[in-house]
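2 protein chains.
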Amino acid sequence: MYIGIDLGGTNIAVGLVDNKGNIVAHASTPTLRERSWTEIVKDMAVLTNKVTASAGKNLADIKVVGIGIPGNIDNEHGVVVRAANLNMENVPLAAEFRKYIDIPVCLENDANAAAFGEYFAQDPRRDNFLMVTLGTGVGGGIVIKGKIFRGFNGAGGEIGHHVVHLNGEKCACGRCGCYETYASVTALINQTKKKMRECPDSMMHKWVEIHGEVSGFTAFDCASKGDKAALEVRDTYITYVAEGIVNLINIFQPEIVVIGGGISCEGDVILKPIREFVAKYEFNKTEPRTQIVTAKLFNDAGIVGAAMAAKKQKFL
Amino acid sequence: MYIGIDLGGTNIAVGLVDNKGNIVAHASTPTLRERSWTEIVKDMAVLTNKVTASAGKNLADIKVVGIGIPGNIDNEHGVVVRAANLNMENVPLAAEFRKYIDIPVCLENDANAAAFGEYFAQDPRRDNFLMVTLGTGVGGGIVIKGKIFRGFNGAGGEIGHHVVHLNGEKCACGRCGCYETYASVTALINQTKKKMRECPDSMMHKWVEIHGEVSGFTAFDCASKGDKAALEVRDTYITYVAEGIVNLINIFQPEIVVIGGGISCEGDVILKPIREFVAKYEFNKTEPRTQIVTAKLFNDAGIVGAAMAAKKQKFL
Chain L
1 MYIGIDLGGT NIAVGLVDNK GNIVAHASTP TLRERSWTEI VKDMAVLTNK
51 VTASAGKNLA DIKVVGIGIP GNIDNEHGVV VRAANLNMEN VPLAAEFRKY
101 IDIPVCLEND ANAAAFGEYF AQDPRRDNFL MVTLGTGVGG GIVIKGKIFR
151 GFNGAGGEIG HHVVHLNGEK CACGRCGCYE TYASVTALIN QTKKKMRECP
201 DSMMHKWVEI HGEVSGFTAF DCASKGDKAA LEVRDTYITY VAEGIVNLIN
251 IFQPEIVVIG GGISCEGDVI LKPIREFVAK YEFNKTEPRT QIVTAKLFND
301 AGIVGAAMAA KKQKFL
Chain W
1 MYIGIDLGGT NIAVGLVDNK GNIVAHASTP TLRERSWTEI VKDMAVLTNK
51 VTASAGKNLA DIKVVGIGIP GNIDNEHGVV VRAANLNMEN VPLAAEFRKY
101 IDIPVCLEND ANAAAFGEYF AQDPRRDNFL MVTLGTGVGG GIVIKGKIFR
151 GFNGAGGEIG HHVVHLNGEK CACGRCGCYE TYASVTALIN QTKKKMRECP
201 DSMMHKWVEI HGEVSGFTAF DCASKGDKAA LEVRDTYITY VAEGIVNLIN
251 IFQPEIVVIG GGISCEGDVI LKPIREFVAK YEFNKTEPRT QIVTAKLFND
301 AGIVGAAMAA KKQKFL
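Heads up: the sequence lines are chains L and W, in that order. Sequential numbering from 1 applies to the first sequence in the working numbering. Sequential numbering from 1 applies to the second sequence in the working numbering.
Honestly, the hints are just simulated from the structure, not real lab data. There's no promise every hint is true.
Since the list gives no way to pick out one identical chain from another, each pair is judged satisfied if it fits inside one copy or across any two copies.
[Unchecked claim] Calculated pairs, SDA-like style, for lysine to any residue (alpha carbon to alpha carbon, straight line, at most 20 Å):
#1 285 x 86
#2 170 x 284
#3 145 x 127
#4 280 x 173
#5 285 x 154
#6 170 x 278
Here chain L stands alone, though its shape is the one from the complex:
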């Protein structure tokens, strides 16, 4: 058995994970990120004991603990180099955890961990894998020959920060026109608001009256009911997403691309046009070609991925 921990800015989620990547037991607690990191680590250990006991197991059954962290990590030394949202800098997290529970610990960046979980859930034999997560930003994870790809310094895989439109929308990273300024849910919301201002008769205004505020679903919901302005927003947004996916396929030729994030619930509504776009515009025109699917794991990906990445790294 393995422990997977998804340390987020809001919650600490801990799962006991079996050899096949199933979560056997699960527990979580608020992160309360303003407190000391030692308190957070203590809670991680408490939850680890709790899930192990709740499944009728004991710590001797745990081979390794994997922890996904929203920041840069130095896995070799078990150190969180920097996790801005958690106010951590050069924190010896693995050593601290082992003061409570002396089991090998593997740290992983949280986006990489989630991608690895999804890779495992899809089909580990398809080991050139790319995940594109459409959320507040555009995150991702790259698996090459079954291993998380991080670049030489651990900072690779920032697929949301490749410019797709020179001098385009301003990005938080300091550049203009990054993929995430067109394809994130934040971008979709901005695109929706802009179109609503242009089209005061659009059904989207009524949608917002009912739902309270514009979300990533405003345009998709109204488009499904035939609203012209919403259809334009949805189709343009899907094209933006697809352009970036073709970029990444031309570079990586992964066997599988997984689209994650809330919007992936739309299923065929986004998959079908993206697949058509890729088939038409991909540079490679010969078989075999990349398969494009939506994510399977959603919120569990971080736990499963942290556990399975730790398992793989320790060859257990």
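Could you slot chain W onto chain L? The hints should help.
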């Protein structure tokens, strides 16, 4: 010793390469690509015998033959799947070569071979490596952990075909705004011609009178003499090149990026502004960071890379 063969649309170049990647003997002949592929393979064997003899060696000293080919290859079966410029389709090239000289043969895509040669010439210990070749198009090669990265189907690494400007310049691949439509020498020539039409007083017109036609050096030469229009062309072009390099660094975080192609002769004129741009706009702001240099091998990269890739593949 190893044989490296660079099979181009114009010339067949063959080199005898030592263990350190030095070319000990070299010979070439026109490809004459209209003729049968069996004739081309025969010439490859003739040249192999010639360079071996000219260095005072014999075929028993050759461990493996590496051949770089401008097309898709199936190295496992020694087959050229498709090389449009050479009119080859499903050609059993390795088997044909071994009819003349029975030594193991490794096929490689020519851009990958050239990148691998350059990787070897720079520093094989820095084994996360990216090459960006600015030529008629923008080619590239990716080395990850000392191995050429090709994606799951061998068609990966098309870094010139990632869109950097949505709905931008028309690309031969069918998309609009690909990196190579902004950063190739072809693009630079178009950018130069456009500026010359706008600026009839630019020094670039006199340059063309002397040199016969606009080339990739027109703007660079006149910019170095202070011509304002030429400076604008050069600086904008360098920014385009740099934008794509930042994109690739954010994704790959290679230890080293090598800029190849004729324009790389400009050295610090392009390196300095690209390094400054990357330092400012790269997503990762912590050390260690990617180093950016110009290519060392130029025309020999294909021969050296084909030989060294074959050596690596056969573990010799």
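(Q) Run through the hints listed earlier and report the numbers of any the structure violates, in increasing order. (A) none
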